[in-house]
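J.: So the chains spell out like this:
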Amino acid sequence: MPNTPLAATTDVAVAPVSTSSRGTRILGALTLVSATVTILYSFWFSKADVELGNTVRILYVHVPTVSIAYLCMLANAVFSGIYLWKRTAFSDLMASATGEIGVLLLGLTILAGMMWGRPTWGTYWEWGDPRLTSTLLLFLMYLGYVTVRNIPAPRSARNTRSAIIGIVSALLIYPVRMSTEWWGSLHQGRTISAPGASKIQGAQEFALYSGFFTFMFLAAWLVIHRFRVGWLADQAEAGQLESVIAERRAESAGDLGLGKVH
Amino acid sequence: MVHAIWLTFRKDLRIEARTRVTVNHVIPFVLAVVMLFAFGLNAESTLLRRATPGLFWVTVLFAAMSIVQRSAAIDRPDGLPDALRLSGLSPTGMYLGKTASTFVQLTITEIVLAAAMVLMYDVRLDGVALIVTAIPLGTMAIAAVGSVYGPLAAGLGGRESVLPLLMLPALAPVLLAATNAFGVAFGTTVGPGWRWVGMLGMLDVLYVAAGSATSAALLEET
Chain A
1 MPNTPLAATT DVAVAPVSTS SRGTRILGAL TLVSATVTIL YSFWFSKADV
51 ELGNTVRILY VHVPTVSIAY LCMLANAVFS GIYLWKRTAF SDLMASATGE
101 IGVLLLGLTI LAGMMWGRPT WGTYWEWGDP RLTSTLLLFL MYLGYVTVRN
151 IPAPRSARNT RSAIIGIVSA LLIYPVRMST EWWGSLHQGR TISAPGASKI
201 QGAQEFALYS GFFTFMFLAA WLVIHRFRVG WLADQAEAGQ LESVIAERRA
251 ESAGDLGLGK VH
Chain B
1001 MVHAIWLTFR KDLRIEARTR VTVNHVIPFV LAVVMLFAFG LNAESTLLRR
1051 ATPGLFWVTV LFAAMSIVQR SAAIDRPDGL PDALRLSGLS PTGMYLGKTA
1101 STFVQLTITE IVLAAAMVLM YDVRLDGVAL IVTAIPLGTM AIAAVGSVYG
1151 PLAAGLGGRE SVLPLLMLPA LAPVLLAATN AFGVAFGTTV GPGWRWVGML
1201 GMLDVLYVAA GSATSAALLE ET
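Quick note, the sequences are listed as chains A and B, same order. Each residue of the first sequence is one higher than the one before, counting from 1 in the working numbering. Each residue of the second sequence is one higher than the one before, counting from 1001 in the working numbering.
Check each hint, because a few of them may be wrong.
Per the computed footprint, the stretches of chain B lying under chain A, defined by three or more beta-carbons under 8 angstroms from a beta-carbon of chain A, are [what the hints assert, rightly or not]:
(1) 1006-1020
(2) 1166-1174
(3) 1200-1210
Chain B is nowhere near these chain A residues, computed Cβ spacing over 10 angstroms in every case [said to hold, decoys possible]:
(4) S18
(5) L108
(6) Y209
(7) F212
(8) F227
(9) Q235
(10) Q240
These are calculated hints, taken from the structure and not from any lab test. C-beta atoms are modelled at their ideal positions from N, C-alpha and C, and glycine is treated no differently.
Given the sequences, and given the hints that come with them, work out the whole structure.
T.: Structure follows, in structure tokens:
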């Protein structure tokens, strides 16, 4: 993120000048290192799967993105609940940031899943698969969250509305997560957390874990930046409102000749 | 709270009785949809019979959009939201009252729709008990979600069109469960019909609980 001197342009004295900090720069570096390791293990060090062939490499993106997307959405619900309870700007902006990043990752999950489905199942989309369809539903619900969040409204109303949608949308996370076990699915069941032992080993397992860390770091980096952008936007909006009110007051004082009192 | 439920329920139904939006607009709309599905599916009776469970609940969802939008709109004009906030009535009670009135209006619509489909699509009813149980449970879930998202969308100032985007994905599990239960009842699919009814009951509990928990915030900001 560039060091934009936002405070200078909006007259907001308390606003920081950038969305980046030492912490986010370290997190960004960690993301890059982890992504490099994931790419190396996904394409060079791990071999094609006995059953899935080279398509297994798509799963090193697909599985981590969906897991981190669930985490983001759970965080969204928690922060939404905290917002309705405590009404703090922090919880609202965290809910917004995690919701948006969750949608982004879930969209990526669906795209990666479709790319994997075509060579494996022979189709990009299978309506009979409950995991696939319920994930699309979850995506659409959070798309609704982001849509309402971006509709211009008084801040308090916007925050409350989006918090309510965040809580209602979270009701679907657990059924989506469990859909493969409850309704049967073309999707395989649990792989790493399967009862007994993990179903993958060696370089494949390492590539999958590396993917988890990469997307976790990336999501954290994005959430922090999105949080700060949201905070700066709110501050700028408040600053603009204050400056417009000050201008109008100055104008009316001028009209009444009060400016010549001194 | 019971007082708030009763007052809201009675107010909404009294307005409906006077304006007759469900009877004059929504019911003719669902009958038109019954006809359009027949045209769209090339009037093929076997296909229509097989698709009836899904067509029924999709039509109910479309009708619910109108009823929910209307139900939320009657609380908007002339500073009514402020009046409701200042009334001192329990927000949860008002939410449940609105859910109950939406439930009644939807049920009336569904009875007419079901009769039209049975007569015009020549549907054979194998499991009446399953249908009689699935209808109120599915309707309750739709009303519970609609009573949250309806007022929320109505407060968006000209952006009410966002209502389907919010409501339809949330109600897709209801559509899935209710359609499957109806499929078993109509003999078009085989499977554990009562399990789907159980899922509808679970969704009712979840949606009513979420709606009740957020009702105070909803009243405050819409």
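J.: With reference to the structure, classify each hint as holding or not holding.
T.: The hints, checked one at a time:
no. : hint      : in the structure
1   : 1006-1020 : violated (count 0)
2   : 1166-1174 : holds (count 6)
3   : 1200-1210 : holds (count 3)
4   : S18       : holds (32 angstroms)
5   : L108      : holds (19 angstroms)
6   : Y209      : holds (32 angstroms)
7   : F212      : holds (27 angstroms)
8   : F227      : holds (22 angstroms)
9   : Q235      : holds (21 angstroms)
10  : Q240      : holds (20 angstroms)
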